[in-house]
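A.B. asks: This is what each chain is made of:
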Amino acid sequence: MSGNMNLTLNVWRQKNVADKGRFVTYKADDISPDMSFLEMLDVVNERLVKKGEDPIHFDHDCREGICGMCSLYINGRPHGPKRGITTCQLHMRSFHDGETITIEPWRAEAFPVIKDLATDRTAFDRIQEAGGFVSVNTGGIPDANEIPIPKVIADEAFNSATCIQCGACVAACKNASAALFVSAKISQLALLPQGQPERYRRVQAMVAQMDAEGFGSCTNTGACEIECPKGISLTNINRMRRDYFTAKFFKEEEIN
Amino acid sequence: MVLDSKIPEGPLAEKWSKHKFNLKLVNPANKRKYTVIVVGTGLAGASAAASLAELGYNVKAFCYQDSARRAHSIAAQGGINAAKNYRNDGDSVYRLFYDTVKGGDYRAREANVHRLAEVSVDIIDQCVAQGVPFAREYGGLLDNRSFGGAQVSRTFYARGQTGQQLLLGAYSALNRQIHEGKVKMYNRHEMLDLVVADGKAQGIVTRNLLTGEVETFAGHAVLLCTGGYGNVFYLSTNAMGCNTTAIWRSYKKGAFFGNPCFTQIHPTCIPVTGDHQSKLTLMSESLRNDGRVWVPKTREMAERLRKGEIKVSDIKEEDRDYFLERKYPSFGNLVPRDVASRNAKEAADDGRGVGASGKAVFLDFAESIQRLGRAAVEAKYGNLFDMYYQITDENPYEMPMRIYPAVHYTMGGLWVDYNLMTTIPGLYCLGEANFSDHGANRLGASALMQGLADGYFVIPYTVGDYLATIGPKPVDNSHPAFAQAKKDTQDRINKFLSMKGTKTVDEYHRDLGHIMWEYCGMARNEAGLAKAKQMIRELREDFWKNAIVLGENEEMNMSLEKAGRVADFLELAELMVDDARERKESCGGHFREESQTEEGEAKRDDENFAYVSAWEYKGDDAAAELHKEQLIFENVKLTQRSYK
Ligand SMILES: Cc1cc2nc3c(=O)[nH]c(=O)nc-3n(C[C@H](O)[C@H](O)[C@H](O)COP(=O)(O)OP(=O)(O)OC[C@H]3O[C@@H](n4cnc5c(N)ncnc54)[C@H](O)[C@@H]3O)c2cc1C
Ligand code: FES
Chain C
1 MSGNMNLTLN
11 VWRQKNVADK
21 GRFVTYKADD
31 ISPDMSFLEM
41 LDVVNERLVK
51 KGEDPIHFDH
61 DCREGICGMC
71 SLYINGRPHG
81 PKRGITTCQL
91 HMRSFHDGET
101 ITIEPWRAEA
111 FPVIKDLATD
121 RTAFDRIQEA
131 GGFVSVNTGG
141 IPDANEIPIP
151 KVIADEAFNS
161 ATCIQCGACV
171 AACKNASAAL
181 FVSAKISQLA
191 LLPQGQPERY
201 RRVQAMVAQM
211 DAEGFGSCTN
221 TGACEIECPK
231 GISLTNINRM
241 RRDYFTAKFF
251 KEEEIN
Chain W
1 MVLDSKIPEG
11 PLAEKWSKHK
21 FNLKLVNPAN
31 KRKYTVIVVG
41 TGLAGASAAA
51 SLAELGYNVK
61 AFCYQDSARR
71 AHSIAAQGGI
81 NAAKNYRNDG
91 DSVYRLFYDT
101 VKGGDYRARE
111 ANVHRLAEVS
121 VDIIDQCVAQ
131 GVPFAREYGG
141 LLDNRSFGGA
151 QVSRTFYARG
161 QTGQQLLLGA
171 YSALNRQIHE
181 GKVKMYNRHE
191 MLDLVVADGK
201 AQGIVTRNLL
211 TGEVETFAGH
221 AVLLCTGGYG
231 NVFYLSTNAM
241 GCNTTAIWRS
251 YKKGAFFGNP
261 CFTQIHPTCI
271 PVTGDHQSKL
281 TLMSESLRND
291 GRVWVPKTRE
301 MAERLRKGEI
311 KVSDIKEEDR
321 DYFLERKYPS
331 FGNLVPRDVA
341 SRNAKEAADD
351 GRGVGASGKA
361 VFLDFAESIQ
371 RLGRAAVEAK
381 YGNLFDMYYQ
391 ITDENPYEMP
401 MRIYPAVHYT
411 MGGLWVDYNL
421 MTTIPGLYCL
431 GEANFSDHGA
441 NRLGASALMQ
451 GLADGYFVIP
461 YTVGDYLATI
471 GPKPVDNSHP
481 AFAQAKKDTQ
491 DRINKFLSMK
501 GTKTVDEYHR
511 DLGHIMWEYC
521 GMARNEAGLA
531 KAKQMIRELR
541 EDFWKNAIVL
551 GENEEMNMSL
561 EKAGRVADFL
571 ELAELMVDDA
581 RERKESCGGH
591 FREESQTEEG
601 EAKRDDENFA
611 YVSAWEYKGD
621 DAAAELHKEQ
631 LIFENVKLTQ
641 RSYK
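In order, the protein sequences belong to chains C and W. Residue 186 in our numbering sits at position 186 of the first sequence; the count goes up by one each step and never skips. Residue 489 in our numbering sits at position 489 of the second sequence; the count goes up by one each step and never skips.
What the hints contain is simulated information worked out from the structure, not anything from laboratory work. Each hint should be verified, as a subset may be incorrect.
Here are the simulated DMTMM-like cross-link-like pairs (lysine to aspartate or glutamate), alpha carbons at most 25 Å apart as the crow flies [what the hints assert, rightly or not]: (1) W:Lys545 / C:Asp42; (2) W:Lys184 / C:Asp120; (3) W:Lys637 / W:Asp89; (4) C:Lys151 / W:Asp89; (5) W:Lys182 / C:Asp120; (6) W:Lys297 / W:Glu346; (7) C:Lys15 / W:Glu555; (8) W:Lys495 / C:Asp54; (9) W:Lys18 / W:Asp122; (10) C:Lys20 / W:Glu554; (11) W:Lys644 / W:Glu594; (12) C:Lys151 / W:Asp143; (13) C:Lys27 / C:Glu53; (14) W:Lys500 / C:Asp54; (15) C:Lys50 / W:Glu554; (16) W:Lys316 / W:Asp350; (17) C:Lys50 / W:Asp542.
These figures come from a predicted structure and were not determined experimentally.
Let the hints inform the model, and build the full structure from the sequences given.
C.D. replies: Here's what the structure looks like:
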């Protein structure tokens with residue numbers, strides 16, 4: 001079709017965690033600009049399968065930028081060249097005919113490669129298991145409108161809560177720090193009245209787990225904020241620090 | 001076998017409270033002696049797993065994604081209904097009940113729907129307590145919006161990401177129980193079979209999607225919360241991994257399948273652009289609050305527009321046909337989904353569609369932007385507009401969106417009784433995976449409500465009754481049924497891996513999707529369905545001969561995963577077609593061309609079809625047997641639905 005592009009892909013292939021891995025070059029011909037990036041990979045994969053070659057493995061599910069499953073480091077940037085979107089929302093019209101595209105997995109010690117472009121991000125789940133919740137059981141809850149919450153607070157909590165746990169912040173950071181991700185969850189709950197009773201325990205438990213998972217420390221370079229597909233702001237990290245130090249220097253009964 | 005829906009006696013509004021009182025309880029000290037398997041961690045599964053663990057049961061939870069939080073509930077946009085009547089606009093439990101039964105075109109059980117409406121109010125309380133940041137008004141109280149099929153504002157929302165926020169709430173409750181050691185979470189584990197031993201569901205077979213290991217897990221009860229099967233159509237608003245495997249395998253082990261043909265086609269999705277398309281993206285129904293649906297009045301004008309000879313702005317107000325407002329003055333753009341979808345298809349079939357393919361209609365915000373200001377529209381729908389822009393490269397603030405119906409939700413699913421138990425003792429089914437509550441058409445914002453109702457507020461009571469009956473005798477996987485099920489699964493995997501044909505599994509999936517969309521989609525008729533049945537059989541036969549599956553079992557293997565899912569879709573599709581043929585009436589999303597009113601609306605046949613179809617598997621080569629659960633309406637009067 002006219003307007004379709006011929007591209008060259010430089011793709012990271014790695015059989016499993018033990019394999020050293022290497023780049024392999026593929027031709028991606030006749031790619032429509034209306035395809036999403038992952039649909040372009042689907043096309044390449046179908047052609048590989050027909051030739052009897054193992055398809056390029058990558059994680060994905062919703063394909064609408066909300067599940068956080070897709071990842072891909074494209075031309076040196078998490079989720080590719082555009083801001084504010086995930087890889088599955090990136091369309092081929094952002095590339096031009098004849099271009100060479102380099103595709104790698106997230107690179108971070110805490111995210112080991114599983115196969116090709118798929119990585120293990122379960123460290124994020126474990127951090128939330130450590131304290132990313134409000135300890136309420138099902139049932140016996142007072143009416144939802146019993147505690148009014150100022151709209152600005154609710155909206156700000158929502159902004160923190162839009163994180164999709166994709167890990168782009170870690171992939172973007174030269175230290176592979178998870179501070180943006182962890183602070184977003186901490187902020188959401190620290191902003192809301194429902195999160196107050198456990199506020200200081202939560203921050204300590206989650207930060208301790210983050211450190212245990214082998215993420216690097218945050219040195220305020222801010223790459224994470226730029227690459228975050230959901231625009232999670234650095235303010236969250238400040239909130240986390242404030243709560244963390246408050247918790248460290250004061251006794252719980254003094255601050256609560 | 002006689003289907004027993006176990007609907008409690010007594011007046012509608014008292015059934016659930018009475019039933020809860022009559023259910024057997026498990027002594028608190030005994031709860032830890034039981035293990036419950038929960039497959040799926042969407043709204044239904046995560047809420048069930050967390051609530052059961054809080055009660056003291058041991059829970060093993062499973063999902064195919066790398067994290068429980070990625071279940072497709074995360075993608076729900078618009079909102080969740082609850083009969084809070086915070087708006088003072090005349091809402092009540094009874095009205096929510098009534099709207100839902102009517103919206104479902106009188107093909108759901110009154111008792112189930114009333115229970116759903118009753119517990120809806122508790123759901124909102126629960127979510128707020130977990131820290132779900134719902135939208136609020138300046139006074140600090142919760143905000144509401146309106147959704148299709150209702151004339152009150154009862155939909156709670158979190159911008160355009162309600163499902164995400166609700167799921168994160170349930171996921172946090174789940175995490176708390178994982179932390180407590182009461183839930184053991186198995187991610188990247190796909191359930192491939194059910195184990196039935198001594199007539200009861202006692203476990204599951206899974207494949208570890210990282211290592212390929214096939215394992216069995218035993219429990220006192222198994223809860224399937226595995227979501228919908230809309231991906232049988234290939235293109236749908238579902239996630240790529242959504243599948244029917246868990247419920248289909250269970251069907252083949254004896255669980256009846258309820259109303260398989262009831263599919264919801266959502267009116268507002270981004271239209272298809274080409275063959276490469278892998279999924280369709282929904283634009284939330286909430287957009288119909290402020291967007292106006294139209295096409296050009298004449299075919300000539302539509303054609304010139306499609307060819308690019310004129311621009312949208314060249315079409316004068318009087319040359320635009322706001323067909324929903326014209327035909328349904330009282331509900332206007334907010335008619336239920338099935339009605340809106342059919343009307344869009346009609347406009348396109350009439351040659352008045354827009355976009356290059358003509359398979360689209362406009363959803364126009366110009367008037368709202370003028371009335372409310374761009375900032376207000378952005379605050380309400382900003383993320384949806386951005387999503388649209390990303391996909392189409394067109395700016396919906398400046399020109400109308402193009403939308404077209406797409407497969408979205410499956411009302412059908414495993415048949416369950418009032419306790420959410422399937423026809424296999426000990427096997428429960430929750431959320432979109434079951435057939436309950438929505439009849440022949442689901443109203444917007446009611447699936448999130450149902451998933452959470454099932455998980456937080458229904459199953460904790462009903463599963464206890466069963467567990468108390470069977471007693472806390474330890475279960476393990478020593479029964480020969482486990483070894484057999486495991487072997488069957490391994491054999492099936494080996495069979496897939498030996499398939500070295502010429503056609504990819506995706507190609508088969510696409511072909512199946514074309515057949516289903518063409519003959520078992522928005523409009524169905526006898527000849528088309530008969531043809532579809534034949535085509536599906538041929539395609540299935542060809543699949544087992546000519547598909548290519550690469551790689552090994554002992555690794556992450558996309559091609560193997562996909563093959564298993566598509567093989568099951570190829571079987572389910574035929575049952576959907578059988579069901580659609582059997583139901584010769586039109587109702588809700590099921591439109592049989594032979595059964596329409598003079599005005600072209602769906603015409604029900606209550607005399608002959610006021611039942612739930614429940615299909616029993618009889619073997620691969622035998623026809624499935626149809627059982628009918630008659631629906632009894634004691635509270636609402638069956639009328640022809642009218643939204644005029
Ligand atoms: C784009 C979109 C928008 C929507 N918007 C709304 C809305 O605004 N309001 C509303 O009320 N409803 C909405 N719906 C419908 C609603 O989101 C779903 O019906 C509901 O969330 C389904 O929840 P669930 O828990 O039943 O299943 P899901 O959330 O789909 O979860 C299924 C779970 O099962 C697991 N699973 C599946 N198969 C297997 C297997 N074989 N082995 C192991 N695990 C398995 C998955 O990993 C997942 O954890 C929307 C749906 C879509 C697609
Ligand atoms: S696939 Fe879900 S965010 Fe990209």
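A.B. asks: Hints first: check each against the structure and report whether it holds.
C.D. replies: Each hint, compared with the structure:
1. W:Lys545 / C:Asp42: holds, 23 Å
2. W:Lys184 / C:Asp120: Holds, at about 18 Å.
3. W:Lys637 / W:Asp89: holds, 23 Å
4. C:Lys151 / W:Asp89: Holds. Lys151 (chain C) to Asp89 (chain W) sits at ~22 Å (cutoff 25 Å).
5. W:Lys182 / C:Asp120: holds, 24 Å
6. W:Lys297 / W:Glu346: holds, 13 Å
7. C:Lys15 / W:Glu555: Roughly 9 Å between the alpha carbons, so the hint for Lys15 (chain C) and Glu555 (chain W) holds.
8. W:Lys495 / C:Asp54: Status holds; Cα separation ~18 Å.
9. W:Lys18 / W:Asp122: holds, 18 Å
10. C:Lys20 / W:Glu554: holds, 18 Å
11. W:Lys644 / W:Glu594: holds, 23 Å
12. C:Lys151 / W:Asp143: holds, 10 Å
13. C:Lys27 / C:Glu53: Given pair Lys27 (chain C), Glu53 (chain C) holds - Cα atoms ~14 Å apart, limit 25 Å.
14. W:Lys500 / C:Asp54: Holds, because 13 Å separates the two Cα atoms, which is no more than 25 Å.
15. C:Lys50 / W:Glu554: holds, 22 Å
16. W:Lys316 / W:Asp350: holds, 20 Å
17. C:Lys50 / W:Asp542: Holds, because 16 Å separates the two Cα atoms, which is no more than 25 Å.
When held up to the earlier numbered hints, the structure conflicts with none and fits them all.
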